[in-house]
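Following the hints, position chain X against chain L.
Read top to bottom, the protein sequences are chains L and X.
Heads up: the first sequence begins at 1 in UniProt numbering, then just goes up one per residue.
Heads up: the second sequence begins at 1 in UniProt numbering, then just goes up one per residue.
These aren't lab readings, by the way, just hints derived from the structure by calculation.
Wrong hints could be hidden among the right ones.
[Claimed, not checked] With a Cα cut of at most 25 Å, we get these calculated SDA-like pairs of lysine to any residue: (1) X:382 / L:35; (2) X:135 / L:24; (3) X:382 / L:12; (4) X:382 / L:25; (5) X:213 / L:12; (6) L:109 / L:119; (7) X:213 / L:35; (8) X:213 / L:33; (9) X:135 / L:88; (10) L:109 / L:33; (11) X:382 / X:303.
[Stated by the list, open to error] Across the chosen pairs, the derived CB separations fall in these ranges: (12) X:253 / L:57: 21 to 29 Å; (13) X:232 / L:129: 37 to 45 Å; (14) X:257 / L:96: 43 to 51 Å.
Ideal Cβ positions, reconstructed from N, Cα and C, are used throughout, including at glycine.
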Amino acid sequence: MRVRVEQTALPGIGVRHDLLTESGRRLGVVSHRNGRRDLVLYDPDDPDSCQHDIPLTDDEAEALADILGASLMLGQLSGLRDQAAGLLTEQIAIPAGSKYVGRRLGDTKARTRTSASIVAVLRHGEVIASPDPTFRFAAGDVVVVVGTRAGLDGVTAILADSDPDG
Amino acid sequence: MHESYTLLIEVGALLFLLGLLGRLSRRVGLSPIPLYLLAGLAVGHGGLLEMHASEEFFAVGAEIGVILLLVMLGLEYSANELVGNLRAAAPAGLIDGVLNALPGAAFALLLGWDWTAAVVLAGITWVSSSGVIAKVLGDLGRVGNRETPVILSVLVIEDLAMALYLPLVTALLAGVGLFGGLKALVIAVGTVLLVLVVAIRYGHLISTAMSAKDPEALLLGVLGMTLLVAGVASKLQVSAAVGAFLVGIALSGPVAHHATELLTPLRDLFAAVFFVFFGLVTDPRDIPPVLLPALALAVVTMGTKVLTGYLAARRAGIAEPGRWRAGLALVPRGEFSIVIAGLAVSSGRVEPALAALAAAYVLITVVTGPMLARLPDFGWFKQWLRRRAAAARRMEPLPTPD
Chain L
1 MRVRVEQTAL
11 PGIGVRHDLL
21 TESGRRLGVV
31 SHRNGRRDLV
41 LYDPDDPDSC
51 QHDIPLTDDE
61 AEALADILGA
71 SLMLGQLSGL
81 RDQAAGLLTE
91 QIAIPAGSKY
101 VGRRLGDTKA
111 RTRTSASIVA
121 VLRHGEVIAS
131 PDPTFRFAAG
141 DVVVVVGTRA
151 GLDGVTAILA
161 DSDPDG
Chain X
1 MHESYTLLIE
11 VGALLFLLGL
21 LGRLSRRVGL
31 SPIPLYLLAG
41 LAVGHGGLLE
51 MHASEEFFAV
61 GAEIGVILLL
71 VMLGLEYSAN
81 ELVGNLRAAA
91 PAGLIDGVLN
101 ALPGAAFALL
111 LGWDWTAAVV
121 LAGITWVSSS
131 GVIAKVLGDL
141 GRVGNRETPV
151 ILSVLVIEDL
161 AMALYLPLVT
171 ALLAGVGLFG
181 GLKALVIAVG
191 TVLLVLVVAI
201 RYGHLISTAM
211 SAKDPEALLL
221 GVLGMTLLVA
231 GVASKLQVSA
241 AVGAFLVGIA
251 LSGPVAHHAT
261 ELLTPLRDLF
271 AAVFFVFFGL
281 VTDPRDIPPV
291 LLPALALAVV
301 TMGTKVLTGY
311 LAARRAGIAE
321 PGRWRAGLAL
331 VPRGEFSIVI
341 AGLAVSSGRV
351 EPALAALAAA
361 YVLITVVTGP
371 MLARLPDFGW
381 FKQWLRRRAA
391 AARRMEPLPT
401 PD
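Same shape as in the complex, but just chain L (with noise of 0.2 Å):
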């Protein structure tokens, strides 16, 4: 991490960690030591003084730390993208029609066959990071996939491979 977090005992109340953006802002989480936790974002103009002081739910912190680590997570493979020549990410969303919809990841045997990896699924806005091949899929998935040009597309071809019973 290159970025500095600070850490300060709250007698009585909890710990508090604050960090300064590259932006010039300051924000911080107090944890409450009754389990409560604040979201504050300090006074651009007077850094010592929080402007707003957000309390979040467990609910609600769980979901704003989900949405930093998958935008985190594809800003990172798109960095790769650009660091290795040749190695794709892509989006691919399971159209309703596919077999494989209620199906394992195991069952796709997408790696042996196109070489090109599933490495996280997104759903209902959540990331589910490196899914394990017992991981089954439901409509309406995105699947991120990393590749070459040819395995990224027989991946969405296989995921496209509509269920002949259905």
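For chain X alone, coordinates are given in the frame of chain L:
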């Protein structure tokens, strides 16, 4: 059974009144402490109507109230926090003690009171109210502010200092003289250190002895242990309040967390009884003559508190507006000042006027304190700071060209 129903009617009516007052204070955004004091003054000796049957109940309730106030204070901190905070915050705590205790002591001597009264008044003007300040910080959304740890460490140091101050004052009030006071102080320091060491090393053992799972057993266990230790401490002249504080420190983890939840309503009840009792034993007819001195003392010591916070925040590298916020937040005095005054008055060794002075003093600081804390949020205050900063820049000599 005449006595019994009078007691119920008096206690019931007074508690009901406190309930209404508490609601009112929250409506206007003030601490309920001043209203409870006023209620006590109104129904006590020389007040609007005097209560007799319930006095004993309120006396015992008030004692339990002090003990609960202190044990809850102890529960808020872990021993590690107290010790870890000590080194970093000691200079701020020292400034705080010197700037705020000395004016109180000097004032008592100016009024022609004796040394014991001076020590008592020093304590009253020294200690800020952790309860009121914590609430103000929460209300104003300043818990995340970068000057808040400075404010909290000053409060922690004050609370620790009380663990040494209260036994000393208890001994002085018991009339044991300077030597006896020193002996009490040595015993107190020893006890505090012992408890801190035990709490840091074996706190988890004490905590596991009380299961956090069964609320009833936990409530009775913690309350029983606190009262027991407080009683023993008071027998050793270490002050019951300090004993309770140390029990709170020794408990940690989930036990402390659950005990806090269980004891909070009890604390609210008995602390209210305590404030009322202090009002009850204070004759309101004593207040008018000490009102002006109390006002003068309040103005001086509010100024010194602002200076304390300002200097402590400056040491911590906080910018100008934050220094003012820290200073103004520390102004209210409250429960501790009343605890000290209560000790003094019940010992009967200081002038009765001291109780009246303390009541008026706490009323003034606890009402104006939370209002003063809001000052730095106003536009005109920020503008004044900006003008000051601009003027300071102009005053600096321009760099001379080579």
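Hint check:
With a C-alpha separation of about 34 Å, the suggested pairing of residue 382 of chain X with residue 35 of chain L is violated against the 25 Å cut-off. Among the hinted pairs, residue 135 of chain X with residue 24 of chain L is inconsistent with the structure: their alpha-carbon atoms are about 31 Å apart, more than 25 Å. Our distance criterion of 25 Å between C-alpha atoms is broken by residue 382 of chain X and residue 12 of chain L, whose separation comes to about 30 Å. Distance restraint check for residue 382 of chain X and residue 25 of chain L: the Cα-Cα separation of roughly 20 Å lies within the 25 Å cut-off, and the hinted pair is therefore satisfied.
For the hint pairing residue 213 of chain X with residue 12 of chain L, the CA-to-CA distance comes to about 23 Å; that is within 25 Å, so the pair holds. Distance restraint check for residue 109 of chain L and residue 119 of chain L: the Cα-Cα separation of roughly 14 Å lies within the 25 Å cut-off, and the hinted pair is therefore satisfied. A hinted pair counts as satisfied when its Cα atoms are at most 25 Å apart, and residue 213 of chain X with residue 35 of chain L qualifies at roughly 18 Å. Restraint check for residue 213 of chain X and residue 33 of chain L: the C-alpha separation of about 19 Å stays at or below 25 Å, so the hint holds.
Distance hint between residue 135 of chain X and residue 88 of chain L is unfulfilled; the C-alpha atoms sit about 55 Å from each other, more than 25 Å. For the hint linking residue 109 of chain L to residue 33 of chain L, the alpha-carbon distance of about 48 Å lies beyond 25 Å, and the restraint is violated. For the suggested pair residue 382 of chain X and residue 303 of chain X, the alpha carbons sit about 19 Å apart, so the restraint of at most 25 Å is met. At about 24 Å, the beta-carbon gap between residue 253 of chain X and residue 57 of chain L stays in the expected band of 21 to 29 Å.
Taken as a hint, the range 37 to 45 Å is violated for the pair residue 232 of chain X and residue 129 of chain L, whose Cβ atoms sit roughly 57 Å apart. Between residue 257 of chain X and residue 96 of chain L the beta carbon distance is about 49 Å. The supplied range of 43 to 51 Å therefore holds.
Checked against the numbered hints listed earlier, the structure breaks hints 1, 2, 3, 9, 10 and 13; every other hint is satisfied.
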